[in-house]
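Enquirer: Listed here are the chains, written in short residue letters.
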Amino acid sequence: MIALLAPAAEAVAQATEAEGGSGLSFLVVGVWVLLLSIFVGFELITKVPPTIHTPLMSGANAISGITLVGALYCAGVGYEGMGQLFGFLAITMATINVVGGFLVTDRMLSMFGPKKKK
Amino acid sequence: MPLLAILSPSTVEVLYMASALIFILGIKRLSGVKTARSGNALASLGMGVALAATLMVLGDVSWTVLLGGVLLGSVIGGLLAVRVQMTGMPELVAFFNGMGGAASTCVALAEMAKYVRGEPTTSVSSGHGFDFSLALALSVLIGAVTLSGSLIAFGKLSGKIWKNRFGPIGTQGLNVVLALACIGLAAWGGFLAEDPSSITTGHLVLTAVALLLGVGLVLPIGGADMPVVISLLNSYSGLAACATGFVLQNNLLIVAGSLVGASGLILTKIMCKAMDRSLANVLFATFGEEASGGGGADEYTNVKSAGPEEAAMILDSATSVIICPGYGMAVAQAQHKVRELAGMLEEKGCKVRYAIHPVAGRMPGHMNVLLAEADVPYEQLFELDHINGDFQTTDVAIVLGANDVANPAALEDPQSPIAGMPVLKVWEAQTVFVIKRSLSAGYAGIKNPLFERDNALMCFGDAKKFLEGLVSELKDL
Chain Y
0 MIALLAPAAE AVAQATEAEG GSGLSFLVVG VWVLLLSIFV GFELITKVPP TIHTPLMSGA
60 NAISGITLVG ALYCAGVGYE GMGQLFGFLA ITMATINVVG GFLVTDRMLS MFGPKKKK
Chain Z
0 MPLLAILSPS TVEVLYMASA LIFILGIKRL SGVKTARSGN ALASLGMGVA LAATLMVLGD
60 VSWTVLLGGV LLGSVIGGLL AVRVQMTGMP ELVAFFNGMG GAASTCVALA EMAKYVRGEP
120 TTSVSSGHGF DFSLALALSV LIGAVTLSGS LIAFGKLSGK IWKNRFGPIG TQGLNVVLAL
180 ACIGLAAWGG FLAEDPSSIT TGHLVLTAVA LLLGVGLVLP IGGADMPVVI SLLNSYSGLA
240 ACATGFVLQN NLLIVAGSLV GASGLILTKI MCKAMDRSLA NVLFATFGEE ASGGGGADEY
300 TNVKSAGPEE AAMILDSATS VIICPGYGMA VAQAQHKVRE LAGMLEEKGC KVRYAIHPVA
360 GRMPGHMNVL LAEADVPYEQ LFELDHINGD FQTTDVAIVL GANDVANPAA LEDPQSPIAG
420 MPVLKVWEAQ TVFVIKRSLS AGYAGIKNPL FERDNALMCF GDAKKFLEGL VSELKDL
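Sequence order for the protein chains is Y and Z. The first sequence stops at residue 117 when you use numbering that gives the first Met the number 0, and every number in between is there. The second sequence stops at residue 476 when you use numbering that gives the first Met the number 0, and every number in between is there.
In isolation and in its complexed conformation, chain Z is listed as follows (with noise of 0.2 Å):
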């Protein structure tokens, strides 16, 4: 069915192009606030455009392959993408990632059962050639490195699997070894091997191992940190399609997979930034939770609680307050009450603003989002270091469902896993309210002295059941 093969390769070309200046202006819309979601739609204009040219272009095709793969992933990824709830977004983030990695990995290994079938392949002209064996094990290795790794990032935030770091010994060295297996495969596999069977088996272990080598340099990783993994690993799934590029000699493919390569390092590091901390340190670094207890609720003396009643008659007298939102929020879908009773306090004259940490919840942005879903105004969202010296004049701080960001002990105890991480002061207030299920540890697995300080009030419970209660109380006083 020679259906497709309407457009010239040459015609095809000049689609991609503008495929390519499409995404870069997508990207660039994408990194404004108010342009961001043109930007999103151009980018999926910018692949429509490039799939369709494709199309164009193909020739003779499998059918059932073809279509049965774009309706099943459009399936998968749509109901996946409409269906998720708005917390578990970090988690899906990673998943795509993963899936886009897997099919890097893939294309490379169906070039690779091309040539062995000594079919011309798509590139290179004299067939087993230096740059298509180097793009190849490349492709290969790094979709790989990104499944596996992305896979294990889902699960760690998902909070389902490993959420601490896992296997303190010897894991650095035994990625050694796994990354030195890789190079000895990709160099037997790609330039050694002569016949078909081994160059198959050479790619096909290389898979297995470059699998095994994701998962081993993310597994030591701590749950708090994968934000900074996934943002990392969104860069890898840029570079192995850019490598893909090269194996199937296409533009396209190099140009936008090394934008999303770049950009992605460009947001790991800046995310890195916010926590204070390098790179190499939240990669390697043995932030040890065992080390320092899992602070439990028998560690703290001096814990005062409140109730929604208490708690609610010292807001009726405050005139400012500033809500720090963390994961709880999140988690028990909150934002809604908090800007009910933002809205109850303003109306009592009481200015409210919110103290967005960098890394709160999940992801940098997690709670920005979920606040605009519940429309709170964009100017009343602050970051650190606009409102970190606010604290000392505001009367309430109320930390919501957030634990780690609120620790004093960063900027106290050089001897904490946390220490020198910037951090919301609420101490400085009048009074902190600490919304929270449990005294249990925040994600860095951590004791936070904020709790045991005369001016912290612990009101325990669901974060939107307790702000259900405080709202009615306020309503009734």
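The following block holds chain Y by itself, in its conformation from the complex (with noise of 0.2 Å):
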């Protein structure tokens, strides 16, 4: 672990010199959401019961469709030619993968909503 790490603090210090060693690179701060993150993701997950293994997957899913915010930055300046064929591609199929994750999700979550007598 700590071997894995050395090249990342390595380039950490260099990142943080060439911004005139002021503040925090981002890589520091953005490793440092990733781990608590995970952390978060692991204890949430833990209680769950298998009836709803299925919406919960397909609902963690769409949540994975975020990076659909990362594709609506490709669609700005910059990104002409070739950036811009691939955020097209990236906003049509995130935008997919979010619309549909959730509504699929939803449509399964229903049938176990509160039984109503016909």
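Keep in mind the hints are simulated off the structure, nothing from the lab. What you are looking at is a predicted structure, and each value in this text was computed from that prediction instead of being measured. Beta carbons: idealized from backbone N, C-alpha and C, even for Gly. Mixed in with the good hints, there may be bad ones.
Claimed, not checked - In silico lysine to any residue, SDA-like type, Cα no more than 20 Å apart, as pairs:
1) Lys27(Z) x Leu34(Y)
2) Lys268(Z) x Phe41(Y)
3) Lys272(Z) x Phe41(Y)
4) Lys27(Z) x Gln83(Y)
5) Lys33(Z) x Lys272(Z)
6) Lys464(Z) x Arg436(Z)
Claimed, not checked - Label-pair ranges, simulated between beta-carbon atoms:
7) Glu118(Z) x Phe38(Y): 34 to 44 Å
8) Asp475(Z) x Ser109(Y): 31 to 41 Å
9) Thr200(Z) x Val76(Y): 21 to 31 Å
Given two chains presented individually in distinct reference frames, assemble the corresponding complex, making use of the accompanying hints.
Expert: This is how it looks when you write it as structure tokens:
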């Protein structure tokens, strides 16, 4: 683990130096955020009844469509040409993931809802 | 058209923070039966906040690209989600998952294209830094593996392609070669290459090789193990989004991506545990359908079959029944008929319960969703561990379109490919009905000695049609 982190730490040191030594580089903050989020993710998921494993998987999958936020930036300036093509593909596919994912999860879960007597 | 630069970057960061918190609360609520639906709504709200905030900070955009992509994606995703049959759900989740992975790859490639054009990238002050190159390569790699792996899983689940294990010779060796090639290409495209065309070529070839790697990893795995694979790939798509977060220096992508990465991994572990196998065993073991034979009809002796009339007579005098649904029930859309049959039996004073094997159907919880759709009370559903001891005192066990999950070979034949897998001990009931279209093998592709038991009655036919017959016979009695 330490061996893995060493090159990263070195890069951080370089990046911080490049920025004039002021503040933390994004990488450091990013890795902090990453580690804490992974920890939260593990803790959130440890107690789940098997009944809703499928909807949970589907809902989590829709959340991973968050890459759509990144994709939207690719419609901005500086991406002309190949960048724009990939940007368009990214927006389309991420939207499929987000819209389809949340809708199909809701459809599955609607069946668990309060039973309506006919 | 600088319409969209309404919010300052700091404000957007605050909204992203709110969105991340909503995601965490959403996942929390998604993990409880009663709160799950609101959890999903909450998560989609979080997504809405994030997208709205992003739109308000973008500045100049190409409307064609933005609106075109969003509209096209909404129509495709929306139609698929609304139209798909409940049986096709697992495949659909695999497909959506593949789209998420592909999107992460495309964002990274777009960012790479922007970089080689000499534009300042969203991240990294000094351009081609260590973190940028590494994140870019990981985002491309994980995203592409997720895409092709998910599409193969999609194909296998919909039963269209390569249902069984495939290419036993040298696949793992080939995967090692592909993985090494990925590392080499990432190093070359990301760190060594200097001129724009080499960098571009490096990343595009990396994408292609990573796609092959995804195929190579999933193709050899049997169709029965696809739920585990999808869960793992779900985790990957989260990690891909997370890597994209490092490319774009976006904390929200890192948080949401790693939440999904962690949850997918935990879910994968839970699913492996349900099958009493390790993840490594699922991914790499040579589970040989070929070796154990296809389990054709001619291999069975001492098979007794019964029609609806005979089955109805036995059920009429039963006081306790356990129904064990499987994929066959899903395919035949028989869940409503099951509910009707159960209602009739209950009116006669018979105790009806459902035994849900953790991997019945194609995904954990698959059967629960279908039975819930048919208004089967939640209290009547029992997990394997809670009901397996009760078969001994049960009059009739109905195996409805299930096969491998009720295969005694798992407990009795140490040579069986599924040896050690927990199974429903249906054969301990006084009588077992096996409602099934034929004697053909289940997803694991192996023979099921249950069909030869003295107390087993084969009820051949489509699950729904057979149950219809059974219900009408019961009415006539």
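Enquirer: Could you run down the list of hints and mark each one as holding or not?
Expert: Now the hints, each set against the structure:
1. Lys27(Z) x Leu34(Y): Holds - the C-alpha atoms of Leu34(Y) and Lys27(Z) are around 18 Å apart, at most 20 Å.
2. Lys268(Z) x Phe41(Y): holds, 11 Å
3. Lys272(Z) x Phe41(Y): holds, 16 Å
4. Lys27(Z) x Gln83(Y): violated, 37 Å
5. Lys33(Z) x Lys272(Z): violated, 25 Å
6. Lys464(Z) x Arg436(Z): holds, 10 Å
7. Glu118(Z) x Phe38(Y): 34 to 44 Å: holds, 36 Å
8. Asp475(Z) x Ser109(Y): 31 to 41 Å: For Ser109(Y) against Asp475(Z), whose Cβ atoms are near 36 Å apart, the range 31 to 41 Å holds.
9. Thr200(Z) x Val76(Y): 21 to 31 Å: holds, 25 Å
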